[in-house]
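**Student:** Below, each chain spelled out in residue letters.
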Amino acid sequence: AQSVTQLGSHVSVSEGALVLLRCNYSSSVPPYLFWYVQYPNQGLQLLLKYTSAATLVKGINGFEAEFKKSETSFHLTKPSAHMSDAAEYFCAVSRNQGGKLIFGQGTELSVKP
Amino acid sequence: ETGVTQTPRHLVMGMTNKKSLKCEQHLGHNAMYWYKQSAKKPLELMFVYNFKEQTENNSVPSRFSPECPNSSHLFLHLHTLQPEDSALYLCASSQDPSVYSYEQYFGPGTRLTVT
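Those protein sequences? They're chains A and B, same order as listed.
By my numbering, the letter at position 81 of the first sequence is numbered 81, and the numbering carries on one by one without gaps.
To get my numbering, take the position in the second sequence, counting from 1, and add 1000.
Because the hints were derived from the structure by calculation, they are not lab data.
Hints should not be assumed to be uniformly reliable.
What the hints assert, rightly or not - Here are the computed lysine to any residue pairs in the SDA-like style, where the Cα-Cα straight-line distance is at most 20 Å: (1) LYS1036(B) <-> SER9(A); (2) LYS1041(B) <-> TYR25(A); (3) LYS1022(B) <-> GLN42(A); (4) LYS1040(B) <-> GLY8(A); (5) LYS1036(B) <-> ASN41(A); (6) LYS1019(B) <-> TYR39(A); (7) LYS58(A) <-> TYR1102(B); (8) LYS1040(B) <-> LYS58(A); (9) LYS1036(B) <-> GLN42(A); (10) LYS1036(B) <-> GLN45(A); (11) LYS1040(B) <-> ARG22(A); (12) LYS1022(B) <-> ASN41(A); (13) LYS1036(B) <-> THR107(A); (14) LYS1019(B) <-> LYS49(A); (15) LYS1036(B) <-> GLY16(A); (16) LYS1041(B) <-> LYS58(A); (17) LYS1036(B) <-> SER12(A); (18) LYS49(A) <-> LEU1088(B); (19) LYS1040(B) <-> LEU56(A); (20) LYS1041(B) <-> PRO40(A); (21) LYS1040(B) <-> LEU1088(B); (22) LYS1018(B) <-> GLN42(A); (23) LYS1041(B) <-> SER28(A); (24) LYS1036(B) <-> LEU46(A); (25) LYS1040(B) <-> LYS49(A); (26) LYS58(A) <-> SER1098(B); (27) LYS49(A) <-> LYS1022(B); (28) LYS1036(B) <-> GLN105(A); (29) LYS1040(B) <-> PRO79(A); (30) LYS1040(B) <-> GLU88(A).
To be verified - From the derived model, a few chain B residues whose C-beta atoms are all more than 10 Å from chain A: (31) GLN1006; (32) MET1013; (33) SER1020; (34) LYS1022; (35) PRO1042; (36) SER1065; (37) GLN1104.
Said to hold, decoys possible - To be clear about the criterion: a stretch of chain B counts as covered by chain A if any three or more of its residues have a C-beta under 8 Å from a C-beta of chain A, and this derived list gives those stretches: (38) 1044-1056; (39) 1068-1076.
The beta-carbon is built from N, C-alpha and C at its ideal position, and this holds for glycine as well.
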């Protein structure tokens, strides 16, 4: 069965600092991996996705993620945090049947001025 | 309207009420989903519809009754809910659920409070 683990339910960084949100997956087949962001009182918005074309994936708002098969990881990074990045971030893996998504528990990102 | 819309955005209902949540997607997708998002818990997939046919019911209590009259509209009919059903209900759509690389597009959600 596929699963996703997000390390750290809450991450706090200073404005301008590096953002690193961790995601590890478990999958018996090559996975498709996604990062979504949820701003307060809104739905989920796709940041980026990995579909095996390239291991380094660039997304919206300056975020990127690197797929590392040997580490079963898909960590999300951004070189310089902005106040507007404060939100909850979800990593998800696509199941091998039906295209349904398995979500991690989410990481809340706070950005301090 | 663009993307996925949901109405109402907020709903307060008593345990004996009957209400419905509505979702509409303007993306030409074939699949639609209902999720429940409770505080401190992962998103829970409730139902999946593909070309109007229900393809998954994730052991959801019968007090939640979905309806999908066409590929663009999805409803969630609610009756005799419990306080623990209070949550954010999210609707999503995707192009084809059999293609695992297709992402899902989410609506803004309905914040439901059961009193």
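**Student:** Which earlier hints can't be squared with this structure?
**Tutor:** 6, 8, 14, 15, 16, 17, 18, 19, 22, 23, 25, 26, 27, 29, 31, 35, 37, 39
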